[in-house]
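**Student:** Residue-level listing of the chains:
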Amino acid sequence: MTAAVLGRRAWSRLLRHHLARVSLIFLVVMVVLSLAAPLIAGLRGVDPTQTDLFRRFEPPSGQFWLGTDDLGRDLFQRLLDGGRVSMLVGISGALLSAVLGALIGVTAGYLGGRLDAFLMRFTDGVISLPLLPLLIVVAAIDPRKLGVPAELAQSETFSLYRIVVIVALTGWTTVARLVRAETLSLKARDFTRAAQALGATPERIMFRHILPNATGSLIVATTISVGALILLESTLSFLGLGIQPPAASWGNMLTGAQELLQAAPMLAVWPGLLIFLTVIAFNFVGDGLQDALDPRSERR
Amino acid sequence: MNRYLAARAVQTVLTLAIMSLVVFLLIGLMPGDPIDLMISGDPTMKSEDAVRLRKAYGLDKPLMERYAAWAFEALQGNFGYSRSYGQPVLTVLWPRLLNTLLLAGIAFALSVAIALPLGIWAAAHPRSRADYLINLLCFAGISAPPFWLALLLITLFAVKLGWLPAGGMADIRPETPWNAALADQLRHLALPVLTLTLVQLSGYTRFMRGAMIEALRQDYVRTARAKGAPERIVLWHHAFTNALAPVLTILALSFGGLVSGALITETMFSWPGMGKAIYQAILENDYNLALIGLLVATTATIVGNLLADLGYAWVDPRVSLSAGTA
Numbered sequence: 004m005t006a007a008v009l010g011r012r013a014w015s016r017l018l019r020h021h022l023a024r025v026s027l028i029f030l031v032v033m034v035v036l037s038l039a040a041p042l043i044a045g046l047r048g049v050d051p052t053q054t055d056l057f058r059r060f061e062p063p064s065g066q067f068w069l070g071t072d073d074l075g076r077d078l079f080q081r082l083l084d085g086g087r088v089s090m091l092v093g094i095s096g097a098l099l100s101a102v103l104g105a106l107i108g109v110t111a112g113y114l115g116g117r118l119d120a121f122l123m124r125f126t127d128g129v130i131s132l133p134l135l136p137l138l139i140v141v142a143a144i145d146p147r148k149l150g151v152p153a154e155l156a157q158s159e160t161f162s163l164y165r166i167v168v169i170v171a172l173t174g175w176t177t178v179a180r181l182v183r184a185e186t187l188s189l190k191a192r193d194f195t196r197a198a199q200a201l202g203a204t205p206e207r208i209m210f211r212h213i214l215p216n217a218t219g220s221l222i223v224a225t226t227i228s229v230g231a232l233i234l235l236e237s238t239l240s241f242l243g244l245g246i247q248p249p250a251a252s253w254g255n256m257l258t259g260a261q262e263l264l265q266a267a268p269m270l271a272v273w274p275g276l277l278i279f280l281t282v283i284a285f286n287f288v289g290d291g292l293q294d295a296l297d298p299r300s301e302r303r
Numbered sequence: 464m465n466r467y468l469a470a471r472a473v474q475t476v477l478t479l480a481i482m483s484l485v486v487f488l489l490i491g492l493m494p495g496d497p498i499d500l501m502i503s504g505d506p507t508m509k510s511e512d513a514v515r516l517r518k519a520y521g522l523d524k525p526l527m528e529r530y531a532a533w534a535f536e537a538l539q540g541n542f543g544y545s546r547s548y549g550q551p552v553l554t555v556l557w558p559r560l561l562n563t564l565l566l567a568g569i570a571f572a573l574s575v576a577i578a579l580p581l582g583i584w585a586a587a588h589p590r591s592r593a594d595y596l597i598n599l600l601c602f603a604g605i606s607a608p609p610f611w612l613a614l615l616l617i618t619l620f621a622v623k624l625g626w627l628p629a630g631g632m633a634d635i636r637p638e639t640p641w642n643a644a645l646a647d648q649l650r651h652l653a654l655p656v657l658t659l660t661l662v663q664l665s666g667y668t669r670f671m672r673g674a675m676i677e678a679l680r681q682d683y684v685r686t687a688r689a690k691g692a693p694e695r696i697v698l699w700h701h702a703f704t705n706a707l708a709p710v711l712t713i714l715a716l717s718f719g720g721l722v723s724g725a726l727i728t729e730t731m732f733s734w735p736g737m738g739k740a741i742y743q744a745i746l747e748n749d750y751n752l753a754l755i756g757l758l759v760a761t762t763a764t765i766v767g768n769l770l771a772d773l774g775y776a777w778v779d780p781r782v783s784l785s786a787g788t789a
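In the order they appear, the protein sequences are chains H and U.
Convert by adding 3 to the 1-based position in the first sequence; the result is the number in our numbering.
Convert by adding 463 to the 1-based position in the second sequence; the result is the number in our numbering.
No wet-lab data here; the hints were simulated from the structure.
A couple of the hints might just be wrong.
[Said to hold, decoys possible] A few chain H positions that, by computed beta-carbon distances, are all more than 12 angstroms from chain U:
1. M33
2. L98
3. L99
4. L103
5. R147
6. S220
7. P248
[Stated by the list, open to error] No more than 20 angstroms apart at the CA atoms, straight line, and that leaves these computed lysine to aspartate or glutamate pairs for EDC-like:
8. K148(H) x D523(U)
9. K509(U) x D496(U)
10. K148(H) x E747(U)
11. K690(U) x D647(U)
12. K190(H) x D119(H)
13. K148(H) x E528(U)
14. K190(H) x E206(H)
15. K509(U) x E528(U)
16. K518(U) x D499(U)
17. K148(H) x D499(U)
18. K148(H) x E159(H)
19. K148(H) x D496(U)
20. K524(U) x D145(H)
21. K524(U) x D505(U)
22. K524(U) x D512(U)
23. K509(U) x E536(U)
24. K524(U) x E536(U)
25. K518(U) x E528(U)
26. K623(U) x D594(U)
27. K623(U) x D145(H)
28. K524(U) x D499(U)
[To be verified] From the derived model, a few chain H residues whose C-beta atoms are all more than 10 angstroms from chain U:
29. L46
30. G219
31. S237
32. Q247
Don't be surprised by glycine CBs; every beta carbon is placed ideally from N, CA and C.
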């Protein structure tokens, strides 16, 4: 699919970017492993949701590949489960921000005038806010007070959607600015004028002529923001405001780690290491994509 | 200039007003209310008492009405009391703001002092091994979760090696002589400053490198080289002065964010600063403290933005500040 979007030449350029290639392989392995986690758990005969207080802090062994955590659960399986959640939140959050940002950016850029001024002031305003504390407030609100039924509000799916929306609230601003800038330059190009002369409606021009031509930078921005949003999700989950236990996420697996540094320092290392590697991999792929899609750019 | 500042002042007031409303409404949506907390603290309380108290505190009124009442008091300088500290909000926040400025200020100065030379060096030697290494480290820096970095540093320096304290601001008594007190303070600052510096360093370095590369690609640099100007002059006189404007803007922008940006670091190292105070106020339903803390943090970012614009105009004389550009 990616190859089709990028085109064959950009794709081969991407693969020539060493770090991007290695990162891509790493990400594919991570996605496959975490999706296959229940299968792997079944094959290995371990249940990562099963707590066992007599098997706390077990060292790595044939049975527990990376040992067990403070509740006696298999760490390796929990890491895979957490990875599924963290990557799902990062990727869907980035896609949601891309859609929001693209809509706002193309509208502001193409329609211009007062609407543009208003939308961009709003974007600048959001960018200049102290986002982390504000997101903590948003994450702490009680959905029941907004009229969400209690049953739904406490379900696991709801907490997942909620964190996706919360991280997307920060992600859209960069995309909106980028798409607006692209729109401004594409607006003056001949094919846009030709479409205008043929009487195409503004909606048609925006969605058929301008946005498809901005796909490249949109893909780059989205890829990079996946990494940033995984970081944000892990931070909120670490603070106890994102994914709620017993569901695992890389962030909330670190929540209790600070108190256990003496007893089990490795519990603090593994989830963080995976966050770090995944985020840096998304950044490298984004960097590689940028070079692949814009070979003229003066970069390595 | 005066008109520009006036327009900015109006904008700032407007932003703060909107922010206070939004945050007030959001806080109203958090679980529980102050009376719930009183009930849990006092087992003799009956449900009639709760109703009576809600009425007495005005909590039975709609949110907008409560906001209006709060804003009326706030405009007269009455910001209310912190629930968990039992003191006026500003009395609680002021020393914490100073603590944050101490921590964030040192980390900021340190990261700028390292980032600018690194970025310039990398841009002056593009595609060199050093450039490659710096770029790699920057990628690592922006990809590491700050709280995990803090955990690793605590594990290494406080738990394994035992060289530095894992948290807090000081463990001294009043009779400690000043030099021991200073050394103690520095020991407590070391790990949080290191964390915050590592977190900020990479972004600044990348901006500096990017701005320098952009400047070195300009025609006036080629002209300078063509007429035989020494590379040192080209780098510092022609390129650096032109690359400085965007970098200063970014620095001023991020300086405003420092007040809340240290939230994670402060929480990890139990550093009694603004970020930690805001975070705990939100967790403990300390509404007044959370609200005012967030407004102070917002004011700081707005002031940072203003400094960025003023700085830009100061560095780059082509930029004129008129009310229209605000």
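**Student:** Now tell me, hint by hint, if it's right for this structure.
**Tutor:** Hint check results:
Here M33(H) stays apart from chain U, with its beta-carbon at least about 14 angstroms from theirs, past the 12 angstroms limit. The claim that L98(H) lies off the interface holds: its Cβ sits roughly 20 angstroms from the closest Cβ of chain U, which is beyond the 12 angstroms cut-off. Interface exclusion of L99(H) from chain U stands, the closest Cβ pair being 20 angstroms apart, more than 12 angstroms. For L103(H), the requirement that its beta carbon stay farther than 12 angstroms from each beta carbon of chain U is met, with the minimum near 18 angstroms.
Distance check for R147(H) against chain U: the nearest CB is about 8 angstroms away, which does not clear 12 angstroms, and the non-interface claim fails. In this structure S220(H) is separated from chain U by more than 12 angstroms, as the shortest Cβ-Cβ distance comes to about 16 angstroms. Under the 12 angstroms C-beta cut-off, the non-interface status given to P248(H) relative to chain U holds; the minimum distance is some 16 angstroms. As the CA atoms of K148(H) and D523(U) are separated by approximately 14 angstroms, the hinted pair is consistent with the 20 angstroms bound.
The suggested pairing of K509(U) with D496(U) holds, with an alpha-carbon distance near 16 angstroms, which does not exceed 20 angstroms. At roughly 18 angstroms between alpha-carbon atoms, K148(H) and E747(U) fall within 20 angstroms of each other, so this suggested pair holds. Note on K690(U) and D647(U): the hinted pairing is violated, with a Cα-Cα distance of about 56 angstroms set against a maximum of 20 angstroms. Distance restraint check for K190(H) and D119(H): the Cα-Cα separation of roughly 14 angstroms lies within the 20 angstroms cut-off, and the hinted pair is therefore satisfied.
As the CA atoms of K148(H) and E528(U) are separated by approximately 17 angstroms, the hinted pair is consistent with the 20 angstroms bound. Under the criterion of a C-alpha separation no larger than 20 angstroms, the hint pairing K190(H) with E206(H) is consistent with the structure, at around 13 angstroms. For the proposed pair K509(U) and E528(U), the alpha carbon gap of about 27 angstroms is over 20 angstroms, so the pair is violated. Straight-line distance between C-alpha atoms of K518(U) and D499(U) comes to about 13 angstroms, which keeps the hinted pair within the 20 angstroms bound.
About 15 angstroms separates the Cα atoms of K148(H) and D499(U), which keeps this hinted pair within 20 angstroms; it holds. Distance check on the hinted pair: K148(H) and E159(H) sit about 18 angstroms apart at the alpha-carbon level, within 20 angstroms; holds. Restraint check for K148(H) and D496(U): satisfied, since their Cα atoms lie roughly 12 angstroms apart, inside the 20 angstroms limit. Between K524(U) and D145(H), the direct Cα distance comes to roughly 19 angstroms. Compliance with the 20 angstroms bound is thereby established for this hinted pair.
The suggested pairing of K524(U) with D505(U) is violated, with an alpha-carbon distance near 24 angstroms, which exceeds 20 angstroms. With a C-alpha separation of about 17 angstroms, the suggested pairing of K524(U) with D512(U) holds against the 20 angstroms cut-off. Proposed proximity of K509(U) and E536(U) is contradicted: the alpha carbons are some 30 angstroms apart, above 20 angstroms. For the given pair, K524(U) sits about 16 angstroms from E536(U) by alpha-carbon distance, which is consistent with the 20 angstroms threshold.
Pair hint K518(U) plus E528(U) holds up; C-alpha atoms about 13 angstroms apart against a cutoff of 20 angstroms. Of the pairs offered as hints, the one joining K623(U) and D594(U) is violated, with about 33 angstroms between alpha carbons and a cut-off of 20 angstroms exceeded. Under the criterion of a C-alpha separation no larger than 20 angstroms, the hint pairing K623(U) with D145(H) is inconsistent with the structure, at around 41 angstroms. In summary, the hint linking K524(U) to D499(U) is supported, as the alpha carbons are separated by about 16 angstroms, within the 20 angstroms threshold.
The claim that L46(H) is not at the interface with chain U holds, since no C-beta of that chain comes within 10 angstroms of its own (minimum 30 angstroms). No Cβ of chain U comes within 10 angstroms of the Cβ of G219(H); the nearest lies about 19 angstroms off, and the non-interface call holds. At roughly 5 angstroms, the least C-beta separation between S237(H) and chain U is not larger than 10 angstroms, which violates its mark as non-interface. Here Q247(H) stays apart from chain U, with its beta-carbon at least about 13 angstroms from theirs, past the 10 angstroms limit.
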